[in-house]
Amino acid sequence: MIRVMLPAHLRTLARTGAEVEVEVEGPVTQRSVLDALEGRYPVLRGTVRDPQTQSRRPFLRFFACEQDLSLDPPDEPLPGAVAAGAEPFMIIGALAGG
Amino acid sequence: MSGARVLVGTRKGAFVLTSDGKRERWEVSGPHFGGWEIYHVKGSPLDPNRLYASQSSGWFGQIIQRSDDGGKTWAAAGKDFVYEGVPGTHQWYDGTQHPWEFKRVWHLEPSLTDPDTVYAGIEDAALFRSTDGAATWHEMPGLRNHGKGHLWQPGAGGMCLHTIVLDPTNPERMYIAISAAGAFRTDDGGETWRPINQGLKSPYNLPDPDAEVGHCVHRIAMHPARPNTLFMQKHWDVMRSDDAGDNWREVSGNLPSDFGFPIAVHAHEPETVYVVPIKSDSEHYPPDGKLRVYRSRTGGEEWEPLTQGLPQSDCYVNVLRDAMAVDSLDECGIYFGTTGGQVYASPDGGDTWNAIVHDLPAVLSVEVQTLP
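Chains as they are written, first to last, in our numbering: chain Z, 1 to 98; chain A, 1001 to 1372.
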């Protein structure tokens, strides 16, 4: 199982706690994890990635294992600790806006 | 005893304010969707417990919420607003062409004949319809394809379709308004549309007095008993049409400023109209720091200030286009919300006012339901 940490507003929207678990078949990448997240919580579809372009929304960032993965290609494998379920894939809302 | 339920959209959530028919004591519920921008909340006229809300955020995009119990509980509904076909381009601020891009839903208008049908006005301007209670949305492409969509351009607030008015006597006829394209009407249920902007004048930014599109219409209101009479608050000028928008004439009369955003018609008096004059172009607060609703009992031209209970000094809030509504209780109630977070109510047609809440986030929209 892959652990995904959600920002507060998405926890409320999906009616979950801070961390959820999703099952990913095949390579564990940003794309496959987010596909699995949206599959389990359809209400989150379009909230992390633009629904048309599938690109990361500009005010969100992706972190794992103390690395900023936001600019990594979506099909690049995530760190082994994420794939093993030891570390969460973190979706972070930028500290911006009023 | 019948009552009123006021649905308030703010920059940081939605609030539901409920009172009995006296409209003196109010129960406040909220914030719902705290932290999210709620551009609009509106109930079905056929089923007052069916509410639709537009929830959006610069971080997380667009959500549509639906309630089937009058706002006690909510469930996320469909949020896919995909333009029909190739989206094409419209005019950008610098005169170049710019692709149509979905940004948010400004206005939700439930059908007068079916609680599962609801219309959505979006930015970049287009009209969508759902016939399954907001589960799925489909563009009504005849509007953007009326022939001059490429000449529409954004106003300062974006290129938004903010007004949807349904004709209660003719289900085939509806009106919409876009900043800054103008007003449009369909007479065939939304298949085809035509601009209805004859008589609107925008001399500084639209030198052609016969320009079909490009007008910055802020809001249109109609009394259901007189569906051919429309009142419009334009960027500048308060306008009136008595032929379903074919021709407009100015009725600003003695208003201290003919700029403003909302306009509303009394529930029982089709010639009684309300506006909130605002200083423009850049100030966007009431003239002289006095928050005054102006009422005309003559369908325009002659206006009287309504001040009792409203701040008459040092008031510098704005009242946005979707932030005024009327109930249909025996004595018509008028409501409006401000960017300072107050929602004012008048239970007597505007003669006296009270702030029913003082300190909400900036108010984006106000709707009211008259409860049985």
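These are calculated hints, taken from the structure and not from any lab test.
Note that this is a predicted model, so its numbers are computed, not measured.
Don't take each hint at face value.
To be verified - Pulled a few chain A residues facing chain Z out of the computed Cβ check, cut under 10 Å:
#, residue
1, 1057
2, 1060
3, 1142
4, 1146
Stated by the list, open to error - Here are a few chain Z residues that sit away from chain A, every Cβ distance over 12 Å (derived from the structure):
#, residue
5, 7
6, 19
7, 40
8, 42
No residue lacks a Cβ here, since even glycine has one placed at the ideal position from N, Cα and C.
Closest C-beta approach of residue 1142 (chain A) to chain Z relative to 10 Å, hint status: Where the cut-off is 10 Å and the nearest Cβ of chain Z is about 22 Å from residue 1142 (chain A), the hint is violated.
At a threshold of 10 Å, is the proposed contact between residue 1060 (chain A) and chain Z supported by beta-carbon distances? holds, 4 Å
With 10 Å as the cut and Cβ atoms as the points, is residue 1057 (chain A) at the interface with chain Z? With a closest approach of 7 Å, the residue 1057 (chain A) hint holds.
No chain A beta carbon within 12 Å of residue 42 (chain Z)'s: violated, 9 Å
Are all C-beta atoms of chain A more than 12 Å from that of residue 7 (chain Z)? violated, 8 Å
Would the hint on residue 1146 (chain A) stand, with a C-beta cut-off of 10 Å toward chain Z? Violated. Min distance 24 Å.
Would you check whether the claim that residue 40 (chain Z) is not at the interface survives, using Cβ distances to chain A and the 12 Å cut-off? holds, 14 Å
Distance rule for residue 19 (chain Z), whose beta carbon must clear each one in chain A by more than 12 Å: It holds; residue 19 (chain Z) is separated from chain A by about 18 Å at its closest Cβ, greater than 12 Å.
Violated hints, in rising order: 3, 4, 5, 8; the structure is consistent with all others.
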